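Start from the sequences, fold in the hints, and give me the full structure.
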Amino acid sequence: MNEHFDDLKFHRLLSSEDALFGQFSELFQSSFPVNERRPLESLKKIISDESDVYCDAVLRNNVYVGLLVYWDFADFVYVEYLAVDPDIRGGGIGARILSQLRDGVRKPVVLEVEPPLNELAKRRIGFYERNGFVLLDNEYFQPSYGLVPGLELKLMSSGNLALDISEVIDIIHRRVYGVKK
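Numbering (this note's numbering), first residue to last: 1 to 181.
Hint data in this document are derived by calculation from the structure and do not stem from the laboratory.
Remember, predicted model here, so these are calculated numbers, not experimental data.
Don't take every hint at face value.
To be verified - When the alpha-carbon atoms are kept at most 30 Å apart in a straight line, the in silico DSS-like pairs for lysine-lysine are as follows:
#: 1; residue 1: Lys45; residue 2: Lys154
#: 2; residue 1: Lys180; residue 2: Lys154
#: 3; residue 1: Lys122; residue 2: Lys107
#: 4; residue 1: Lys9; residue 2: Lys44
#: 5; residue 1: Lys45; residue 2: Lys9
#: 6; residue 1: Lys107; residue 2: Lys45
#: 7; residue 1: Lys9; residue 2: Lys122
#: 8; residue 1: Lys154; residue 2: Lys107
#: 9; residue 1: Lys107; residue 2: Lys44
#: 10; residue 1: Lys180; residue 2: Lys107
#: 11; residue 1: Lys122; residue 2: Lys154
#: 12; residue 1: Lys180; residue 2: Lys45
#: 13; residue 1: Lys9; residue 2: Lys107
#: 14; residue 1: Lys180; residue 2: Lys9
#: 15; residue 1: Lys180; residue 2: Lys44
Written as structure tokens, this is what we have:
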């Protein structure tokens with residue numbers, strides 16, 4: 001049974017000098033493979049320079065338990081990263097983070113997932129489906145963050161998108177990945 005999570009707080013990092021950045025950075029680097037991960041210097045830059053990106057350290061009872069990085073666009077929110085401390089995964093915190101995000105932004109949420117080609121990817125998709133997301137049928141390619149090639153992924157969304165999916169992809173590619181048309 002899931003515990004009560006009223007004590008879950010989102011602490012927005014505004015610089016890499018924030019006291020929680022070390023824990024945030026450690027979980028970030030250990031949770032995502034290098035080909036799906038923004039370089040640390042790039043992460044530091046968006047934390048301080050981008051007004052529509054939220055890099056949140058997630059705290060429970062003032063203890064660091066996870067991270068959430070999302071972009072708040074006019075018509076939707078794009079989740080770039082969500083991770084929970086491995087020692088407490090499976091306890092409902094990830095679901096609660098998504099729930100609080102959706103309740104707070106009150107617009108559709110879009111995120112990337114690996115195609116359902118292995119058990120881990122299938123479990124991850126199942127987690128998002130249990131939390132109100134649907135797997136979209138469109139083809140999607142995650143552009144490179146610059147160090148390694150990009151890769152084929154899938155998009156999932158929660159809520160009805162007001163924009164055509166090609167417009168959503170264009171916004172993500174331009175704003176998040178810096179792809180020029």
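Verification of the hints:
1. Lys45 <-> Lys154: Holds. Lysine 45 to lysine 154 sits at ~26 Å (cutoff 30 Å).
2. Lys180 <-> Lys154: 21 Å, holds
3. Lys122 <-> Lys107: 26 Å, holds
4. Lys9 <-> Lys44: 21 Å, holds
5. Lys45 <-> Lys9: Cα-Cα ~23 Å, so holds.
6. Lys107 <-> Lys45: 26 Å, holds
7. Lys9 <-> Lys122: Roughly 29 Å separates the two Cα atoms, so the pair holds.
8. Lys154 <-> Lys107: 20 Å, holds
9. Lys107 <-> Lys44: Answer holds: lysine 107 to lysine 44 is near 27 Å, not above 30 Å.
10. Lys180 <-> Lys107: 26 Å, holds
11. Lys122 <-> Lys154: 12 Å, holds
12. Lys180 <-> Lys45: Within the cut-off at roughly 19 Å; holds.
13. Lys9 <-> Lys107: Answer holds: lysine 9 to lysine 107 is near 20 Å, not above 30 Å.
14. Lys180 <-> Lys9: Cα-Cα ~36 Å, so violated.
15. Lys180 <-> Lys44: Roughly 22 Å separates the two Cα atoms, so the pair holds.
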